[in-house]
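Asks: Chain residues, written in single-letter form:
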Amino acid sequence: MLTLAPLRLLREPWNASEGNQSNATAGAAGAWCQGLDIPNELFLTLGLVSLVENLLVVAAVMKNRNLHSPTYYFICCLAISDMLVSISNLAEMLVMLLLEHGLLAFRASTIRHMDVAIDVLICSSVVSSLSFLGVIAVDRYITIFYALRYHSIMTLQRAVVTMVSVWLASTVSSVVFITCYQNNTIILFLISFFLFMLVLMLVLYIHMFALARHHLHSISSQQKQPSVHRSSSLKGAVTLTILLGVFFVCWGPFFFHLILIVTCPTNPFCTCFFSYFNLFLILIICNSVIDPLIYAFRSQELRQTLREVMLCSW
Amino acid sequence: MSALRLISNRTSQHALSNSDYTWEYEYYEYGPVSFEGLKAHKYSIVIGFWVGLAVFVIFMFFVLTLLTKTGAPHQDNAEPSEKRFRMNSFVADLGRPLESERVFSRQIAEESQSLFHFCINEVEHLDKAKQSQKGPDLEGTIRFQEGPRNSGMFEEDLNYLTKFNIPNFVNTEQNSSLGEDDFLISEPPIILESKSVTHSSHRILD
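So the protein lines, in turn, are chains A and B.
All residue numbers for the first sequence refer to this note's numbering, where the first residue is 201 and numbers rise by one.
All residue numbers for the second sequence refer to this note's numbering, where the first residue is 13 and numbers rise by one.
Just so you know, these hints were derived from the structure itself, not from any lab.
Take every hint as true, because none was put in to throw you off.
Computed Cβ-Cβ distance ranges for the label pairs, DEER-style:
1) Thr77/B / Val403/A: 18 to 26 Å
2) Ile59/B / Asn383/A: 25 to 33 Å
3) Leu244/A / Trp62/B: 23 to 31 Å
4) Leu434/A / Gly60/B: 29 to 37 Å
5) Gln422/A / Phe71/B: 30 to 38 Å
6) Val403/A / Lys81/B: 20 to 28 Å
7) Leu78/B / Val375/A: 42 to 50 Å
8) Gly64/B / Leu434/A: 20 to 28 Å
9) Gln422/A / Gly64/B: 37 to 45 Å
10) Lys81/B / Val375/A: 44 to 52 Å
11) Val67/B / Gln234/A: 23 to 31 Å
From the structure, some residues in chain A lie toward chain B, with a derived Cβ separation under 8 Å:
12) Arg413
13) Leu434
14) Pro468
15) Cys470
16) Tyr476
Since we're looking at a predicted model, the values are computed, not measured.
All C-beta atoms, glycine included, are put in the ideal place defined by N, C-alpha and C.
Whole structure, please, built from the sequences with the hints as guidance.
Replies: What follows is the structure, given as structure tokens:
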């Protein structure tokens with residue numbers, strides 16, 4: 201093998217040095233970890249569902265003039281990143297299927313370039329998706345804690361600057377990552393970026409939840425309706441658990457995989473974890489499927505516009 | 013064109029020549045890893061990770077629900093007169109344009125605005141159902157108000173606020189002088205109550 205694709209290096213980090221071609225099964229065929237066999241149909245279905253959902257979100261935001269505000273622009277950008285995540289994973293799967301069945305025939309160098317291009321797309325869409333999750337959390341935080349000054353803090357110009365800079369930064373950084381993927385510092389940077397986003401979202405959402413609960417307390421104490429207060433607080437807790445829980449479950453395994461690559465690449469226990477890499481990719485695509493449901497479609501206005509979009513086109 | 017050996021993603025390893033570039037999705041090479049003499053189960057990290065993740069999410073949910081429960085039984089026991097006194101003094105604070113209290117009242121007003129913003133969806137529905145005609149300025153202010161509304165995170169949770177009538181709170185905010193944010197402060201009273209819409213519209217137009 202002349203070069204290893206970056207994603208493949210993530211799957212078998214013990215093969216980092218080139219030329220290490222030892223096919224040593226060493227008679228331990230029964231002892232290796234089998235991993236999970238993800239059928240291609242599942243990849244295809246999830247990718248298509250995510251694509252359609254996010255296209256609908258983008259169409260709804262573009263169609264309704266009421267949704268032309270920074271909050272919805274960020275949701276629209278999250279939908280675009282999720283769309284790119286699913287498109288790039290679908291593209292990789294399709295090209296590999298076509299190559300496997302011999303329907304496409306290219307030179308080795310062309311295939312390598314295609315592989316690098318698609319991996320750059322995957323990496324940049326993953327980074328931008330994570331960034332926009334954090335940006336939406338910050339935007340909601342400003343809406344709640346700086347409500348009176350929101351329109352002077354989050355002007356349309358600043359929102360556009362934020363979106364453009366997130367896209368530029370994710371593209372440039374993913375090009376850098378994929379071209380020098382053998383460096384461990386790249387993986388460390390990705391892990392620290394994920395941890396930063398995780399801590400940011402945790403802190404912001406829990407602070408927002410605490411304030412909402414405090415207001416419910418003070419208002420319900422005036423109106424003497426504690427039962428309504430409790431059910432509303434419970435709904436808030438459920439919403440927050442879903443938001444943060446989906447984030448952890450969908451992104452956590454992939455980045456734990458990266459952590460294990462850095463810390464214990466040749467440990468047999470860690471190797472068993474590596475064998476589930478395809479499941480982690482499926483979870484990231486699932487995140488692209490679930491994100492429109494918990495971010496975009498929670499808004500009444502957007503749901504209404506979505507109904508209009510679907511009725512007009514069908 | 014060099015012959016490319018493609019490995020299907022179901023089978024185990026094949027021998028590869030050095031000039032091939034193969035692009036596989038699943039490719040397991042067993043390398044120098046040996047599974048001899050393992051003390052623990054080989055899937056221990058995998059199982060430990062998923063169990064830990066599930067426990068963490070459930071723990072987070074219980075912490076959040078416990079946060080909602082603390083204070084609710086205490087609230088039933090609190091004296092309503094004491095709470096009313098606190099509310100009145102707080103309302104009186106908003107009316108006084110002293111410097112330090114201006115900052116305090118601005119903070120409180122900001123916090124309260126946020127909750128009122130969440131009700132915009134529900135109240136707009138009520139308003140549209142009840143009143144067919146509105147002044148153009150009101151339309152503008154209501155549309156302007158839609159900006160900082162978040163995308164419905166808590167709107168279902170707090171929709172009962174639309175049924176509340178908190179006239180003291182609302183009227184005192186209208187009377188408070190908070191400089192450049194005046195026109196923002198006077199907007200929620202428009203949204204909250206359909207009756208006060210026409211009343212407040214005169215204030216804005218004047």
